[in-house]
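Q: Fit chain B to the supplied structure of chain A, relying on the hints for placement.
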Amino acid sequence: MKQKVFLVISVVALLFTIVYSTAGGAELPFYAQEKEIENSSKMIKSEKKVAGHPVLKNISSEPGIVEVELTASPERLSLKPGSESNVYAYNGTVPGPMLEAFEGDSIIVHFTNNLSEMTTVHWHGLHLPFIMDGSPFHPIAAGESFTYRFRLHEGTAGTYWYHPHPHHRTAWQVGMGLYGGIIVRDPNNPLPNTLEDKLLILSDNRFDENGELDFAKANTRQKQVDDMNGREGDVLFVNDEIMPELSIRSGEVQRWRIVNASGARTFRLGIEGHKFTHVGSDGGLFEHPEVIDEIVLANGERAEVLVHGTADPGSKVTLQALPYDRYMAMWRPEDWDKRRELLKLTYTSEPSVEKQFVVPETLRKIPTLKIEDATETRIMRMSNGKINSKIMDMKRIDETAELGATEIWEIRNLVGMDHPFHLHGFQFQVIDRNNVPVSQRKWEDVVNVPGFEKARFIVRYDNYKGKWMYHCHILDHEDQGMMGVLEVK
Amino acid sequence: MLNLFKGLLFIITTIITSLIFLMSGLVYGQSQEVTVHVEAMDHAFDVDAPKELPSGWITFVLSNQMAGEMHEISLVELPEGVTHEDYLTDYMIGWETVLREYQEGVIERSEISDRTNELLPEWSGGLRYVTERGLASPGRTAERTVYLEPGEYLLICWLKTEDGIIHIMRGMHWEFNVSGGAEDNPLPNPESRITLYENEIEVDWEPIKGKHAFEVGLNKNSNGGSYHNNLHLVRLEAGTDLEEVNEWLDWYKVGGLRSPSPVEFLGGIVERVADTAYFSVNIKEPGDYAWVVFVSQGKGLYKIFTVE
Chain A
-3 MKQKVFLVIS
7 VVALLFTIVY
17 STAGGAELPF
27 YAQEKEIENS
37 SKMIKSEKKV
47 AGHPVLKNIS
57 SEPGIVEVEL
67 TASPERLSLK
77 PGSESNVYAY
87 NGTVPGPMLE
97 AFEGDSIIVH
107 FTNNLSEMTT
117 VHWHGLHLPF
127 IMDGSPFHPI
137 AAGESFTYRF
147 RLHEGTAGTY
157 WYHPHPHHRT
167 AWQVGMGLYG
177 GIIVRDPNNP
187 LPNTLEDKLL
197 ILSDNRFDEN
207 GELDFAKANT
217 RQKQVDDMNG
227 REGDVLFVND
237 EIMPELSIRS
247 GEVQRWRIVN
257 ASGARTFRLG
267 IEGHKFTHVG
277 SDGGLFEHPE
287 VIDEIVLANG
297 ERAEVLVHGT
307 ADPGSKVTLQ
317 ALPYDRYMAM
327 WRPEDWDKRR
337 ELLKLTYTSE
347 PSVEKQFVVP
357 ETLRKIPTLK
367 IEDATETRIM
377 RMSNGKINSK
387 IMDMKRIDET
397 AELGATEIWE
407 IRNLVGMDHP
417 FHLHGFQFQV
427 IDRNNVPVSQ
437 RKWEDVVNVP
447 GFEKARFIVR
457 YDNYKGKWMY
467 HCHILDHEDQ
477 GMMGVLEVK
Chain B
22 MLNLFKGLLF
32 IITTIITSLI
42 FLMSGLVYGQ
52 SQEVTVHVEA
62 MDHAFDVDAP
72 KELPSGWITF
82 VLSNQMAGEM
92 HEISLVELPE
102 GVTHEDYLTD
112 YMIGWETVLR
122 EYQEGVIERS
132 EISDRTNELL
142 PEWSGGLRYV
152 TERGLASPGR
162 TAERTVYLEP
172 GEYLLICWLK
182 TEDGIIHIMR
192 GMHWEFNVSG
202 GAEDNPLPNP
212 ESRITLYENE
222 IEVDWEPIKG
232 KHAFEVGLNK
242 NSNGGSYHNN
252 LHLVRLEAGT
262 DLEEVNEWLD
272 WYKVGGLRSP
282 SPVEFLGGIV
292 ERVADTAYFS
302 VNIKEPGDYA
312 WVVFVSQGKG
322 LYKIFTVE
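Protein chains in written order, with our numbering: chain A, -3 to 485; chain B, 22 to 329.
Just to be clear, a hint being listed does not mean it is correct.
When the alpha-carbon atoms are kept at most 16 Å apart in a straight line, the in silico EDC-like pairs for lysine to aspartate or glutamate are as follows [said to hold, decoys possible]:
(1) B:Lys72 / A:Glu449
(2) A:Lys450 / B:Asp67
(3) A:Lys219 / B:Asp184
(4) A:Lys450 / B:Asp69
Covered by chain B, according to a simulated footprint, are these stretches of chain A (three or more residues, beta-carbon under 8 Å) [as the list claims (entries may be wrong)]:
(5) 316 to 326
(6) 370 to 380
(7) 405 to 417
Just so you know, the hints here were simulated from the structure itself, not pulled from any lab data.
Just so it is clear, CB atoms sit at the ideal spot from N, CA and C, and this is done for glycine as well.
Chain A on its own, in the form it takes in the complex (with noise of 0.2 Å):
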């Protein structure tokens, strides 16, 4: 008889093993493992949590294929304590599930538009090809289904995010909730894979005295605030929360990837009484970390970074969104110094870590544009809503490159707020600010430019033709028609 019972027992957990290998957690690298134990039980039903986020389920049995389902929605979720709201949302949940892969994979989403309006599923920072780049140029109607296809490349390992780019109605879709975030990891990571890592995906938004979420509606004083400085909203969220928790031991480090989802918001971050240090940007890794005290994360922008738990088991500290001063003088919101808070980190009461993880000195090569090669200097003026004067014209080519070849942008701010400008389908090297060279070669997608200021950035058009969108990434602004059409032939 117990052998029969043992018999059972066996052949139970044989089939377990086999429907968990199927479901794709066979290969589950080490920091998603004690997450995957802890849920072991709803991991079955793909809820899978990663860097503290449900993962988008790999229906593809296939080694090197990622493949998924994404739908875009309208639910009735609550996304603050006490209150539901009309929203819309990827798979049912804002943010939707994060997409997570390794360098080399390949991608396969299978994406419904169940929403009543167009919209496209931008995948930011990615080097992809342009129909499946999610561009205003590929919208999707409503009702109706399309599959992105791409390839990650190799040397792209980084912290990436998906949303929708309708042409005039991005700042809508966002605000309603619509963006997830995208892990592409390396398999040959330069950082030690024990490290605890979390993905928090900032953002903000507006309610009304119901609960619902707030719009400026036409002709007010509200709408003309939000053309200018963007929407910005009062209530701040990391992933699904208002001022989550985190746990952290002392002596720990964990590493944060960070993205700036919202709509207008700039967050300065930081966490009295600790540093951080700054190990990646857009497109990855740096070569050399920065110990900073501070992180400015503008529209678009993520950053890798490592958070040292110095101080004390037991005590608890705050990451909070310190005043950044953005706007033009006439349009500042009255209070826009306050300090915000954004998340609790709690430091556990098990004794400080005694062997302490210390951070490499150099994390990986990043190859150099160089300057000498760049065969074209293109030069874009920002004002308020347009880039050169002019408002995006789908019809219109603004400016035309050949394909593999090196060239370098001025970007000129005209005016006194800040203006982040991004650039599709490839990253580039900020080289210098207002002529002072920048300290290291990065890769990023989004350049802010202070009002003012200007920057430069390298880049080559490798790989894909296409026409490739460039424009403020305040997604009010870019709605207004502030961006443009760079045709790589």
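A: Okay, now just chain B, sitting in the frame of chain A:
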């Protein structure tokens, strides 16, 4: 050997002389003509100049080759102790409020003066507008030469967007400082003179195509003030109504100085400080043109001419 030495000496001397000559052109020094190139955008200025300019005569070239709307250059000197930010916040927000209330019908035109007195800061009376509204339509370039005393200045555009927002409020301002030390910048060298009398525009000039520099004399009335303080050059189209142009030039009117304009402007002056003003225009095409003097709530002065 001696020839080789002489040759080397000649080359070195030539290089040094060239460098000195080049460097003298790169910095604003004494007796240098100072020109500031300003590219107008919708709605910003791209200014090719340092933030510190020497005092004296300075020519501002307003190039409106990239924008889709008409723009102007106004220069305002701030009173002692008032910052650029004070002007953009306390003063401009006051004006923006008055304009919005007037456009929405909350206040009448006759109430604007009282309302501005309520809203504008006390130091507003100390602002010194050195020049205003040398209007340049898209595709045109206009020049204005002014004498700047040392002080803090803003270069601004007071025109309004199609929906009635002052361009300054959209970001069309650039701040700079004027310091002493180069008061002997060369005087403007106009080719012709225009005099503004009470009921006449007197022009001592033979109209032909090309770039022309003018001196404008502002004739005084018995109170010591000028009869008129402004002059504009416009290109006439069939059916252009100059009375409509005069109406449009009224900033206080709801549709005044809003894009689009009823006629193409090639430059001009508004002068509130001096008795004489200097400007240049570039007439590229033959056709009918008019000098226009805007008269507030009245009939404008016009002088029509043809360029063959």
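Q: Now look at each hint and say whether the structure bears it out.
A: Here is how each hint holds up against the structure:
no., hint, verdict
1, B:Lys72 / A:Glu449, "holds (13 Å)"
2, A:Lys450 / B:Asp67, "holds (11 Å)"
3, A:Lys219 / B:Asp184, "holds (13 Å)"
4, A:Lys450 / B:Asp69, "holds (13 Å)"
5, 316 to 326, "holds (count 3)"
6, 370 to 380, "holds (count 4)"
7, 405 to 417, "holds (count 5)"
The structure meets every hint from the earlier list without exception.
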